[in-house]
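Engineer: Assemble the complex: chain A is given as a structure, and chain B must be docked to it using the hints.
Chains as they are written, first to last, in UniProt numbering: chain A, 1 to 262; chain B, 1 to 431.
Hints listed in this document are in silico derivations from the structure and should not be mistaken for laboratory results. Glycine included, each C-beta is placed from N, C-alpha and C at the ideal position. Wrong hints could be hidden among the right ones.
[Unchecked claim] In silico lysine-lysine, DSS-like type, Cα no more than 30 Å apart, as pairs: (1) A/Lys248 / B/Lys418; (2) A/Lys198 / B/Lys284; (3) A/Lys202 / B/Lys133; (4) B/Lys50 / A/Lys180; (5) A/Lys202 / B/Lys350; (6) A/Lys43 / B/Lys418; (7) B/Lys43 / A/Lys92.
[As the list claims (entries may be wrong)] Which residues of chain A face chain B? A partial, calculated answer using Cβ under 8 Å: (8) Asn71; (9) Glu72; (10) Leu112; (11) Asn159; (12) Glu199.
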Amino acid sequence: MEFKVPTMAELMAAGEEPEILFWVGCAGSYDERAQKITRDICKILHHVGMKYAVLGTEESCTGDPAKRAGNEFLFQMQAMTNIEVLNAYNIKKIVTGCPHCFNTIKNEYPGLGGTYEVIHHTQLIQDLINDGKLKAEGGESFKGKKITYHDPCYLGRGNGIYEAPRKALEVLDAQLVEMKRCKSNGLCCGAGGAQMFKEPEKGKKDVNVERIDEALETNPQVIAAGCPFCMTMLSDGIKLKDKEQEVKVLDIAEITARANGL
Amino acid sequence: MVAQILFLIFTLAAIALFTINFRKIIRNIRLGKTVDRNDQPQKRLLTMIKVAFGQSKMVVRPIPAFLHFFVYVGFVIINIEVLEIMIDGLFGTHRVFNGLGGLYNFLIGSFEVLALTVLLSCVVFLIRRNVLKLKRFRGTEMTAWPKSDANYILIVEILLMSAFLLMNAADGKLQTLGVGHYVTAGAFPVSQFLNGLLPSSESALIMLERGCWWFHILGILAFLNYLPYSKHFHILFAFPNTYFSNLEPKGEFTNMPSVTNEVKAMLDPSFVPAETEPGKFGAKDVTDLTWVNLMNAYTCTECGRCTSVCPANITGKLLSPRKIMMDTRDRITEVGKNIDKYGSEHQDGKSLLDDYITREEIWACTSCNACVEACPVNIDPLQIIMELRRFAVMEESQAPASINAMMGNIENNQAPWKYSPADRFNWAEGN
Numbered sequence: 001m002e003f004k005v006p007t008m009a010e011l012m013a014a015g016e017e018p019e020i021l022f023w024v025g026c027a028g029s030y031d032e033r034a035q036k037i038t039r040d041i042c043k044i045l046h047h048v049g050m051k052y053a054v055l056g057t058e059e060s061c062t063g064d065p066a067k068r069a070g071n072e073f074l075f076q077m078q079a080m081t082n083i084e085v086l087n088a089y090n091i092k093k094i095v096t097g098c099p100h101c102f103n104t105i106k107n108e109y110p111g112l113g114g115t116y117e118v119i120h121h122t123q124l125i126q127d128l129i130n131d132g133k134l135k136a137e138g139g140e141s142f143k144g145k146k147i148t149y150h151d152p153c154y155l156g157r158g159n160g161i162y163e164a165p166r167k168a169l170e171v172l173d174a175q176l177v178e179m180k181r182c183k184s185n186g187l188c189c190g191a192g193g194a195q196m197f198k199e200p201e202k203g204k205k206d207v208n209v210e211r212i213d214e215a216l217e218t219n220p221q222v223i224a225a226g227c228p229f230c231m232t233m234l235s236d237g238i239k240l241k242d243k244e245q246e247v248k249v250l251d252i253a254e255i256t257a258r259a260n261g262l
Numbered sequence: 001m002v003a004q005i006l007f008l009i010f011t012l013a014a015i016a017l018f019t020i021n022f023r024k025i026i027r028n029i030r031l032g033k034t035v036d037r038n039d040q041p042q043k044r045l046l047t048m049i050k051v052a053f054g055q056s057k058m059v060v061r062p063i064p065a066f067l068h069f070f071v072y073v074g075f076v077i078i079n080i081e082v083l084e085i086m087i088d089g090l091f092g093t094h095r096v097f098n099g100l101g102g103l104y105n106f107l108i109g110s111f112e113v114l115a116l117t118v119l120l121s122c123v124v125f126l127i128r129r130n131v132l133k134l135k136r137f138r139g140t141e142m143t144a145w146p147k148s149d150a151n152y153i154l155i156v157e158i159l160l161m162s163a164f165l166l167m168n169a170a171d172g173k174l175q176t177l178g179v180g181h182y183v184t185a186g187a188f189p190v191s192q193f194l195n196g197l198l199p200s201s202e203s204a205l206i207m208l209e210r211g212c213w214w215f216h217i218l219g220i221l222a223f224l225n226y227l228p229y230s231k232h233f234h235i236l237f238a239f240p241n242t243y244f245s246n247l248e249p250k251g252e253f254t255n256m257p258s259v260t261n262e263v264k265a266m267l268d269p270s271f272v273p274a275e276t277e278p279g280k281f282g283a284k285d286v287t288d289l290t291w292v293n294l295m296n297a298y299t300c301t302e303c304g305r306c307t308s309v310c311p312a313n314i315t316g317k318l319l320s321p322r323k324i325m326m327d328t329r330d331r332i333t334e335v336g337k338n339i340d341k342y343g344s345e346h347q348d349g350k351s352l353l354d355d356y357i358t359r360e361e362i363w364a365c366t367s368c369n370a371c372v373e374a375c376p377v378n379i380d381p382l383q384i385i386m387e388l389r390r391f392a393v394m395e396e397s398q399a400p401a402s403i404n405a406m407m408g409n410i411e412n413n414q415a416p417w418k419y420s421p422a423d424r425f426n427w428a429e430g431n
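This is chain B alone, in the form it adopts within the complex:
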């Protein structure tokens, strides 16, 4: 009974804490500007099924795709086991789904196989990060915290899976010994090989089984509450992020309606613009970005596929699309903390542009869309870069000198170079 009450308290506390932090993230995302991403629901759903559920953009790199697939399927399917643990924990039952008979054996058996594949995949992932030191996992933005974050996630997953297998092993042995409520249930294709490691005394076995059970479920609850602070949040946000992703051709950039109004008024003095919300052109800070940009930032799991294909980054420039996303998340988190501490009117004098992302970074972009194409969850770093450029150019007139010259040429000669418009058709005279 005490165990049940404790279990209830831990579970409720974990869910409450997670809800608080989750709602803060939603609030932070809502600080972004509106953008309509509710059109074409069918196409959106298909995108989500293909890209998030189907992991279609992972296959470009087969080895990590294969390993990640195990961890992903493990994560989704082992949740059925968590459901059983929840019921057992609350009602003091043991292996309550046991009644499913053959199906139960099949389920537990497959969980074990999955647990093993998850475990092995995580070991390989750790080796890739810490021993092989793949280039993709390094770079200026991969400072101490992002590196530790990645390792914590992998280590916790290994521990959780080990506890699960050890628990089953102990359970299996208790079943064969015919102890108490340890009825014969489940198949243990993997954990049976751990028998040699088990203690022989009944009480030690029960302690081990209970210990692993508690470790497993408390670990999961703790891990749930780690998510809002971690890049691992992608396991939740990958789904809405792909659903609300851009469906237009990647080459198409938004036409700013506020500018359309002004240009129309300039070209036609009789034009009366429709009321639009005033505000600055482009983005200086995260709150000038759209909510989709901010959701993108919370979804990023820092895999670095974007940066590894970025022509600017490949050739040694400062720009890294992954850093753009990490900076955006860090800044919106900071803005959110300020609201919690000082209220929504507080200004800390900092901004995404300059305090996080430098001019050198945004001007190195070729707008080639390689980063957008590479992202397995349809994050769009390019849009953020473009919004920052828009602010620099339209609000501050701070473009590189040669860009100013190019724009001056378009204004005066209707071409980015300094040629006379009268000579535009001269090409037809050549041979």
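Chain A on its own, in the form it takes in the complex:
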């Protein structure tokens, strides 16, 4: 990257505080595809000149997959360790690159002693657009392109955030098309509830294939996502359907970064 991503430890050593902490998440840290999204979120933050930092190697799993799998012990161990780190740095506001991290820190950490203002990166993008700090210029044009947005369960139904990601896409002047099952009625990609980490039970179809079939019905050029797990499931689906050339699965952060030539 053309700039250095600041860590909390560095900022603290310099006696500074960030405006916002970017919580990267495990997928965003290790998964190759999701790493690109992580870097794009940093590029956006850098581009608008927002003072931010990441935890770097001090970050740790939020415990979400353990909790959804039923292991409350492991979840709370992770949660309390993370809360200790976050509180030690006096964190006030967090942006996450993953709806699962978002939901867990926002809703489940306060009861364990960690209360922060938490937003998802699509909300951050929407805010930046609303404030006039971010536009869609100087980069790839999405004008007239057919884009369909897949609602991540933990952002949509889980927390009622349906508009922010759509607003972030509207600024592109693209042609937004909705799938039959969208918003509160959106169909899961198949990864939630710790399904990401196991083989599916016996059935007649994989959930991500069911979802990709529906997405392809809208005849899109881009399928927009807002979650690294959805990204994996949808990309796998597109590969399976042999549509990689015609249809791109892109995170909203990637689309925003591209539109701004970042």
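Structural biologist: For chain B alone, kept in the frame of chain A given last:
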């Protein structure tokens, strides 16, 4: 006089029997664990008004919403008529609200219109279930009893409404003939068209009118006592169920306080946990669930909206959120029967997990909340699934192997995959 005494006996017996069975259900629900759902009364009341009274979550599917609305309004409003029947039955009067004059005519007229719409809606519902055989009404859990239950309800409602209209028709004709106490009262916009079907003799007309009157009220009393055994119980429990429903974001799962204590003690040896009730982690049987989970089960009317939107079910997996609720009700009913028969200490060696709900079902859930969102009365099948998972994982260490591997990775590497924590920030070096 004999009729009045009989009426009193039937009514009292019906109310007594219903009270006994209703109290058993309340007792069964109280077998569940405590959970505080008395906060934010204003918001709760608004939820109940919107979701239960206002049927706001039904509109997603306009056709059944429209038909159901008629049956619902019919049910609520025709109760005014039942009140009159009660008074007439007890005091030997006839159409006692007659004194209301024009208003009475308006009421009876609207009851007739409602009765007709209820009747027609029920016919359409029967056709949807038995002729069109909609997918939503099928599935593994829709065995003989749930199917019959649904049909019985619809048939009884059709019979009750038919009796009501036929009674009015006979009454109307008796009024025009000027017979006995059949004073001119009420308007009969619907039943007047049944005139052609009526007998001409006065005594036959009186018999028909009385017969329908008795059939109507005895039918209602019998139906009331059918409710505790039926999915139709939702007409009562939809209201408290929405009132006590979860107000937090759907993505938020409960943090178990018993675990918090242990984790705090592990991280800080000087921590002294507050006294909490001991017990197992998660749920193996229905009594490990909360009373709200159990009330949910009694409220479920098996409409299948949850199952029809469940990603696991849609793609052919065994999981069906409706079955989760039906199993929970069947099991708590069984536990209640055991208490009645053998006392509260009795153990039958069975449990919700394994004897009713299989592991394959609970592990197929993506926790996507589609079932919770779809339920028109705010039932939460996901919470039950999660409690069963908690038991399987924390009490039995019985998770699928790959899930165990994922949890092992979190413990050792602070990530669900097997990567070194030292490499966590390597992404910043890419481009």
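Engineer: Indicate, hint by hint, whether the structure satisfies it.
Structural biologist: Quick rundown of the hints versus the structure:
no.: 1; hint: A/Lys248 / B/Lys418; verdict: 28 Å, holds
no.: 2; hint: A/Lys198 / B/Lys284; verdict: 23 Å, holds
no.: 3; hint: A/Lys202 / B/Lys133; verdict: 26 Å, holds
no.: 4; hint: B/Lys50 / A/Lys180; verdict: 26 Å, holds
no.: 5; hint: A/Lys202 / B/Lys350; verdict: 26 Å, holds
no.: 6; hint: A/Lys43 / B/Lys418; verdict: 28 Å, holds
no.: 7; hint: B/Lys43 / A/Lys92; verdict: 29 Å, holds
no.: 8; hint: Asn71; verdict: 5 Å, holds
no.: 9; hint: Glu72; verdict: 5 Å, holds
no.: 10; hint: Leu112; verdict: 6 Å, holds
no.: 11; hint: Asn159; verdict: 5 Å, holds
no.: 12; hint: Glu199; verdict: 7 Å, holds
Checked against the numbered hints above, the structure breaks none of them.
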